[in-house]
Amino acid sequence: MIPLHWYLLVAAGMFALGIYGVLARRNAVAILMSIELMLNAVNINLVAFWRYMAPEALNGQMFAILVFAVAAAEAAVGLALIISIYRNRETVVAEDINLLKW
Amino acid sequence: MQLPILESINLMAVLPVLIIAGWACVLLVFDLLIPRSRKHWTAWLALVGLLGAAVALFFQIGHFARLGSEAAFDGMVTVDGFSIFLQVVFVLTAIVGVLLALDYLPRHGIERGEYYVLLLFTTIGMMIMSMAADLIVVFVALELLSIPLYILSGFAGMRETSEEAALKYFLLGAFASSFLVYGIALTYGGTGTTRLTGIAQAVTSDALNLPLTTVGMGLLLVGLGFKVAAVPFHMWTPDVYQGAPTPVTAFMSVGAKAGGFAALIRVLVTAFPAIASEWGTLIAVIAGLTMLLGNIVAISQSNIKRMLAYSSIAHAGYILLAVAAAQRSENASFAIGAVVFYLLAYALTNLGAFTVAIAVERDDGTGTEIDDFAGLGKTRPWMALAMALFMLSLTGMPISGGLVGKVFVFQAALQAVPGDPLLLAVVIIGVLTSVVSAFYYLKVIMVMYMREGEGKAVLPLALKTVLAATAFGTLVLGIIPGPVFQMAQRAMLK
Amino acid sequence: MTITPITIAFFIMAAFTLGGSLGVVTNRNLFHAALYLVLALFGVAGLFVLLEAPFLAAVQVLVYVGAIAVLITITIMVTRRIMGVTESVNRQWPLAAGVSAIMAITLGFVVLDRFAGKLPVAAVPGDNIVRLGEALVNYDAYLVPFEVASVLLLAAMIGAIVVARE
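Protein chains in written order, with this note's numbering: chain A, 1 to 102; chain B, 103 to 596; chain C, 597 to 762.
Please note that the accuracy of each hint is not assured.
Stated by the list, open to error - Derived list of chain B stretches under chain A, where covered just means 3 residues or more per stretch with a C-beta under 8 Å from a C-beta of chain A: (1) 235 to 247; (2) 263 to 269; (3) 288 to 302.
I should point out that these hints are in silico values taken from the structure, not numbers from a laboratory.
Note that this is a predicted model, so its numbers are computed, not measured.
For each residue, glycine too, the CB sits at the ideal point set by N, CA and C.
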């Protein structure tokens, strides 16, 4: 069987890439996509821990399901905000975002 | 006949939350039937729900004063003095949030029933946050607290700053939540559980887990530090506070902060006593930086909402100092008492200050400069007097709740680890920055009384009520703090 | 380490996941970035299958690829005028890369520190999904987070409608 830490390293890499995307991208949609990457990395962790540490317990998978729900809620709200800003202004304020400057 | 299921569920423990949650759903349907010109009915209905929750809380106080603490739903939530005290703060803040919006929303042409529904939802998130005894609940409650607030800060959609504030708050908030949930995942991996008490056992019994759980805790701190606006995760605060509609700013400056601190204390004190000196040091350093940055940058602000934003960062620093003081278990109940007392004093004072800001603000969203306060001393003597009291309380001057809160915080920090140079240094920073803060708080008083100006303000009955109540509360906490502090100190029952 | 079909599958899925993620954060064209996101999400679903969590793999495909990724693509299409930006990263990107690298090293270190080496692995119980479903609505298990999540989704729905209306 594949060692646990392989999965965890993939998750760590994905999370770090997500952080880079959030901090470096200028476009709100791209930042949102990077946040989704980070949440996916969390889910890899959770499911891997569940499988290797305690497959008979439920909390790892349960937590992953709740992360899905939260990710969906965040995406819905975030995309609504982006579209609304775009519609009200045509020129997109969501453009030219620099999270490190905020 | 009693249903056996209902007995074992222990609904009594979460009754206030259930009342608000159910009422929010009912309100959602009612709101459809209420004509557009009568939207204030929704506000009054929301108030009814909040008062219902307040009554339930009142009964819980008596119930749990006898029982101590009680776990419900197989230990997912804990109801104890701490959670009840904070839930009282949240419900009061929500009531103020409704009252402030009552005239503000129609005046600014942004009146919609959903405002009140979303306000109730985020209040539920805060209340569950204060009860959470499992990291899964901490996470979902934090999201329930945050997502309605993102929307509410963008509620004045036609104003460019409002929508920008919402987007900025959302992106940074979601970013911080992913840190939090990654930290939870690592902690779960290291300890095999998400239950706070279970984590505490696993961390002490197994040194192998230490690096992993320490990093996990660090990531948790990032997520919660963002919610309470601690340096270096404060960058969103000024823009969001300024851009959001003022009632929302008032509500979130108190509610979101208190919710964050509730989770911070529960998680650190319950789950990580084994690495208490590590988190104690870390939090003390963050506290010092937060006080310095908040107070120094606040001096140069000319906009009242921005100034209060930096002031709210600074106050997060003082509260964090008390959190750091909770690192030793003998001192924990005093330190936690100081935290919740400070939160209550800060809530009353800050809500009052924002009420005055709302009264001065003009219908187009301008009138939020400190210069707009000129002449209020003559035209609105009572309001100016109340504002002066709030400013003095935020500075920490005598006969105000702010002073007593600060004294308790400093005392807790000095008792925590006697002779610890770091905590002593942070206390000195705290005292010095309080003196510095007098510059910008007293400037508001000076402008009101010494400067000539129109002194225009709109003060309907709802705002008057809030103003009187918050000023009265600030005074009571300042003059007879004893009973409330004793209640606060009994807050965390083991 | 012997090479088995399982390890090969793992490497393919890991490559999908990490390669897709890299594409999302570096590609200048937003459409392409969204397609890379779909690739990364499929990679994660594959990892779930390898971890013997088929239900989560299915949810991953349905919720993430089916709903979230499509929603993102639609948003990009609606706000098409923001596409074709010449510079896709801001000037602070070296700092961002530094933060990201530090994070990757720290997380990699603690993970290797704790989990390197072989762990005894138990088998997944056959009725796992059944128990998962029951636990979600069992008041002695996960009823509270489940209900909070339901209220959260309701709040998000109302919020999105409030923002999008008018």
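query = What hints, given by number in increasing order, does this structure fail?
reply = none
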